[in-house]
Amino acid sequence: MSFINDPITFLAEWITQFLGGFLPEAWVTFIVTLLGVIITASFGLVFVIFLIWLERKIAARFQDRLGPNRAGPFGLLQTFADIVKLITKEDVIPEKADKLTFNIAPILSVVAVLLIWAVVPFAPGWIGTDLNVGVLYIAAVGSFGILSILMAGWSSNNKYALLGAFRAVAQLISYEVPMLVTLMVPVLLARSMGMMTMVESQDLWFIFLAPISAIIFLVSSIAEVGRTPFDLIEAESEIVAGYHTEYTGMKFGLFFAAEFLHAFTIGVLFAIFFLGGWRGPGAEQFRLLGVVYLMLKGLLGYFVVMWVRSTLPRIRIDHMLAFNWKFLTPLSLALLVMTAILDKVFGDTALRFPVLLAGNGSVLLVTWLALRWTSRRHTKERRVFKKRPVAKPA
Amino acid sequence: MTVEQAVFLFTSALILFSGFMMVTRRNLVHAALYLIVALFGVAVIFVLLEAGFLAVVQVLVYIGAIAILMIFAVMLTRGDISKEQEPVNADFGWALMLAALFCFGLIILIGQWPAVNSQAPALSAETDTVFELGSALVSPDAYVIPFEVASVLLLAALIGALVVARPHKKSK
Amino acid sequence: MIPLSWYLFLAAGLFSLGLYGVLARKNAIAILMGVELMLNAVNINIVAFWRYLTPGNVGGQAFAVMVFAVAAAEVAVGLALVISVYRRRKTVAADEINLMKW
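As given, the protein sequences belong to chains A, B and P, one line each in that order.
For the first sequence, the numbering used here assigns the number 1285 to the initial residue and increments by one for each residue that follows.
For the second sequence, the numbering used here assigns the number 59 to the initial residue and increments by one for each residue that follows.
For the third sequence, the numbering used here assigns the number 5 to the initial residue and increments by one for each residue that follows.
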């Protein structure tokens, strides 16, 4: 195992040997694991600094602006300036707030996102822990995010914060249903819930086997992050800033960082489940290339999230719930059943790809027909106004 | 003391402490938050017992759904809680005595049982418990009937909850 | 290594705390929380017995899963009842919901 092929394992082995000289084995394992945790977590948090700059630049391009361009080359240092500003701001805790809960909530929101990175397979053999229930783990730690929002909203003792928290819980719990159901589709295709097996079994990317599931996963993930068009959680024109109305300084910064990191994490998860993760030419040989592939694919997903954000306006709250329960959930259930049956029958034959694609197509067709039928029924009920005389040019 | 024992002792102290705080807090949202800490501790206990799947499901079901539902219900039925000065009813002395008796009785019974000091046999490395659990839950000569009955129970609970909680037309 | 008795003692303590909560608390939601504690204590016991006594048989884990399902159903219906009662009687104190008491 040379340094160029696999630098991380090389370094880990070197450190293990170095420490093994004068420390008992249990301590060496502990220190090496701790180092891994610190590196992964700080990588995530430092990456956010770059992501914020990237998002501001790209959002500016969408809106025909230049974006940050004063601090440093291309405005790269803008985020550092913002961090300094956030740190130097006064840290206000409202008089009637529930102090402990108020202070724990922002930390929990960052932790909830960082925990996901424990099971992200960066390259062959590079993974925090290859849990055999990795997919379920991702769903489970997501609930800490919901909890942090609820805690923030309640402890602020502010009606807008509480309203935002209520909206958040309604939205996040609802959209967890189609997200979990669609996540079962790649699990079925990979025949495993482990993240490493998930990537290794994608000789053909799952987006080709389950295109509609991929789209549903992306949409419900956007709702999970609470980005436009699903930003009812912190809709500034309706409820000030939602659950983090009362937060100032770096505590607000933590919520902000968690949101950006979560959005990028969604992109990375999309890449792992549907775009083949670290797979690409040469990734087996040079593992650092695998990380590059994963990051590029993740950034692609992140770009789509940004693209949607800059394009669509916020949807109404009843539309948000109706879209989930009346459209996404039934569709994802139908896709799951369809995939389960077809993959059981044709899974090991050469017909797997065309049959699954045809199955997806037929589900799409049925959905389209059903939507057309219901919309036609709607138009019948629509009131037709009597034609009124209009002034015409002579 | 091994690392596992230290983790176990710390976690069980945390569980019992937050359980105690949960049953004594006046503020119900605090009680629910302590409940979440206790439930998370139970998930850690499951990890110590090498039941990773159950630990993850514990977090997903209890913290992600049940505890959040509890907090939601507490907030929806507020109004009354601010008035509630006394969190316990008049018979709480009897309850305390009964619970303490129950606890001591259980501890004495456990102490008398011969298998109590048995150590965990090593799980063989080849068996994948998640795989075994999954196939046992759907195989006809194992637990497929309880599994299906549980799904029917969940559906019934879903519909029942909807019917019960839906506002009556008359009460408008 | 941890002997089986430690898990059983933990579960006994947790169960008793839950029992106290169920018997002593006034608020119906707090009573439901106590029930959750008791169910969790039972689950600890089930999984501990599976791990220590019958690790080859997944029955213990299977029934822990059943307990999860039953707990979820219980909370859904229980909270729906509490909210329904609150809507009609404007109270969630269990000893004030006594219309059917003989």
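Keep in mind that the hints were calculated from the coordinates and are not lab data.
The beta-carbon is built from N, C-alpha and C at its ideal position, and this holds for glycine as well.
Take these hints with a grain of salt, some might be off.
Claimed, not checked - Derived DEER-like restraints, expressed as beta-carbon distance ranges: (1) 1522/A - 166/B: 53 to 63 angstroms; (2) 186/B - 1630/A: 19 to 29 angstroms; (3) 85/B - 1301/A: 46 to 56 angstroms; (4) 105/B - 1625/A: 31 to 41 angstroms.
What the hints assert, rightly or not - Covered stretches of chain A (in silico footprint by chain B; criterion: 3 or more residues with CB under 8 angstroms from a CB of chain B, positions within the stretch not fixed): (5) 1372-1380; (6) 1409-1417; (7) 1427-1439.
Said to hold, decoys possible - Chain B residues, not near chain A, derived (Cβ > 12 angstroms throughout): (8) 175; (9) 177; (10) 186; (11) 206.
Hint check results:
no., hint, in the structure
1, 1522/A - 166/B: 53 to 63 angstroms, "holds, 60 angstroms"
2, 186/B - 1630/A: 19 to 29 angstroms, "holds, 26 angstroms"
3, 85/B - 1301/A: 46 to 56 angstroms, "holds, 54 angstroms"
4, 105/B - 1625/A: 31 to 41 angstroms, "holds, 35 angstroms"
5, 1372-1380, "violated (count 0)"
6, 1409-1417, "holds (count 3)"
7, 1427-1439, "holds (count 7)"
8, 175, "holds, 25 angstroms"
9, 177, "holds, 20 angstroms"
10, 186, "violated, 7 angstroms"
11, 206, "holds, 16 angstroms"
The structure does not agree with the numbered hints 5 and 10 stated previously, though it agrees with the rest.
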